[in-house]
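Undergrad: Here are the chains, one letter per residue:
Number of protein chains: 2
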Amino acid sequence: MVDLAKFGSFHVGGRPVRVAGQPTRRIFFADAVPDFEYDPNGDFVIEQAYVQYFVPSRPVMQTPLVLLHGGGLTGAMWETTPDGRPGWLNHLLAWGFTTYVVDNVERGRAGWCSLDGEWDGQPLIRSGQEAWTLFRFGAEDGYGTRTPFDGQRFPTDSFDAFMRGFVPRWTTTGEASHAAFQDVVRRVGPCVVICHSQGGGFGCRAAEALPDLVRGLVAIEPSGLFDGRPSPVSLGGKPVLLMLGDYTDAYPVWQELAGIIRATAADLEAAGASTTLMAAPDDGLAGHSHMPMMDRGSDRVAARLKDWLLDHKAAGCFD
Amino acid sequence: MVDLAKFGSFHVGGRPVRVAGQPTRRIFFADAVPDFEYDPNGDFVIEQAYVQYFVPSRPVMQTPLVLLHGGGLTGAMWETTPDGRPGWLNHLLAWGFTTYVVDNVERGRAGWCSLDGEWDGQPLIRSGQEAWTLFRFGAEDGYGTRTPFDGQRFPTDSFDAFMRGFVPRWTTTGEASHAAFQDVVRRVGPCVVICHSQGGGFGCRAAEALPDLVRGLVAIEPSGLFDGRPSPVSLGGKPVLLMLGDYTDAYPVWQELAGIIRATAADLEAAGASTTLMAAPDDGLAGHSHMPMMDRGSDRVAARLKDWLLDHKAAGCFD
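Taken in order, these protein sequences are the chains called A and B. Each position in the first sequence, counted from 1, maps to that position plus 11 in our numbering. Each position in the second sequence, counted from 1, maps to that position plus 11 in our numbering.
No lab work stands behind these hints: they were computed from the structure. Small disclaimer: the values here were computed from a predicted structure and weren't measured. Treat the hints with care, since some could be wrong.
To be verified - Listed next, with one range per pair, are the computed distances between beta-carbon atoms:
#: 1; chain 1: A; residue 1: 69; chain 2: B; residue 2: 158; range: 43 to 51 Å
#: 2; chain 1: A; residue 1: 266; chain 2: B; residue 2: 71; range: 17 to 25 Å
#: 3; chain 1: B; residue 1: 260; chain 2: A; residue 2: 35; range: 18 to 26 Å
#: 4; chain 1: A; residue 1: 16; chain 2: B; residue 2: 261; range: 15 to 23 Å
#: 5; chain 1: A; residue 1: 274; chain 2: B; residue 2: 96; range: 47 to 55 Å
Where a beta carbon is used, it is the ideal one built from N, C-alpha and C, also for glycine.
Kindly produce the complete structure, drawing on both the sequences and the hints.
TA: Structure below.
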């Protein structure tokens, strides 16, 4: 049950592109529509972000949350879980947090650039096999039978439903994604950024670039963090929560990333940030995958996030 | 102010694809992430739809509405207008309609297929110039100065914000889009389909293919309708609302489409469907563009839709 004072959406950021001098071409539509002469020339806007926002009627705090997805996913990842349970977005709104959900550049309702010559490289879409291992659901040879790691909390019986949420991504749109995400933060105003996986890199740079606006930073299973060491100037005193699930020893890439996350927590602490590392096997994250917002027990992890937010509100870190 | 008993989302439909025998390739990520060996082989699901749903606490009718976007747009088109006013989605929920908002195949959070060899043709993105004329905001030579038609209700001073909502579309995914949209309807159950522009074709075929599930059909400015003449068997007795804005004489394509819409209304009436044609200059649609859900006065048009729905509910057409 959610009681909203306001909800809506906007697109923000991006840049205008003018295409000229291209030949027109005849287009056939499969539907019962006349053929038409398609003119590829004209004005376009590319590299914008889409944001859907929800303002509860009785906000538990004034500072809104900004949720940023990981790689190959969209803002839908915060909604209903693959096995049909309420998502973190439901919990956050029920608890009274004003929440902005982002589809960043190239993802979901942000759209993507199909104009020739604008984006380098090819779009990639994640296979089931890659997700199974990269998201630490089970061993590589357990994919075929969907045999998860012992104690795994991800609902692997709904793996196919999860795969339907994958969307293509580029590897070359990083700077455009940084720019659009920072445009989102400027539009929202003072906020707490909650980012996942690849989104960690965008959230961290926004926290450094817009220190007056990013009042707190939550990086869940970040695959990207700071370029180099976190800056003591911008992050001193700012609360940061890093969250890391289980099974990180199972794959070399996660051994490396877990090391970076732990080292970053230590660096942040040294820089004067109020840093919390919630990581398996401690902190109730045992059995959790790369997707704690979808795992069984996702509500308990969300409740830990809520407590962290309200504790830091009570401590005056944000209103 | 919206009081929701439930909200969430799901992906539905689509088909599995297995890629095999492709060479791996080394991928560079711009962010501070190690290079990795990308394996394009594996399992994928393509051609699914995404649906976000909202169930008000005090529903005004049991039968839900299913909203389907037009070409080159996503479900975001039903949300906040480009100039920041509440969208039709806000009005419908405030009035108590249970509402399912679709991103169909290739659009928004449904994702799209970047796998080689699956989809024919090239994705197209609509230019500002094409939207200006095709959506009947003004004369072709008024684009540069953003000079709209006299009496135009589209907020042309927010045209750039509108352009940020455009996403690429294919011309060759029609059958996949029909299939996924019908999967949406099967999942939702008995419903009233409200479709816009290109969505008209998908809505009409769903009404014919799933006569027990599509209890009513609203086609707003449809660019596609029935393949051939509407079937008396499937649509007899079923309420249909066709909506058509102003300035249709300004462009040949709209002269033709307006003729088809009016002829279809007559055919439906003859087939025994309870047909309503709301069209400019009558019915309060004077000054409205191809996007009545975004025009100034969009709330008045939504209120006409509400009245039509509640009248047909009262007449027993749906619960």
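Undergrad: Just to be sure I understand the hint, the distance between the Cβ atoms of residue 69/A and residue 158/B should be within 43 to 51 Å; is that true here?
TA: holds (46 Å)
Undergrad: Does the Cβ distance between residue 266/A and residue 71/B fall inside 17 to 25 Å?
TA: violated (55 Å)
Undergrad: Cβ-Cβ distance between residue 260/B and residue 35/A: within 18 to 26 Å?
TA: holds (25 Å)
Undergrad: I want to verify a distance hint. Is the separation of the beta carbons of residue 274/A and residue 96/B within 47 to 55 Å?
TA: Roughly 48 Å apart at Cβ, these two residues keep to the hinted range, so it holds.
Undergrad: A range of 15 to 23 Å was offered for this pair. Does it hold for the Cβ distance of residue 16/A and residue 261/B?
TA: violated (41 Å)
Checked against the numbered hints above, the structure breaks hints 2 and 4 and satisfies the rest.
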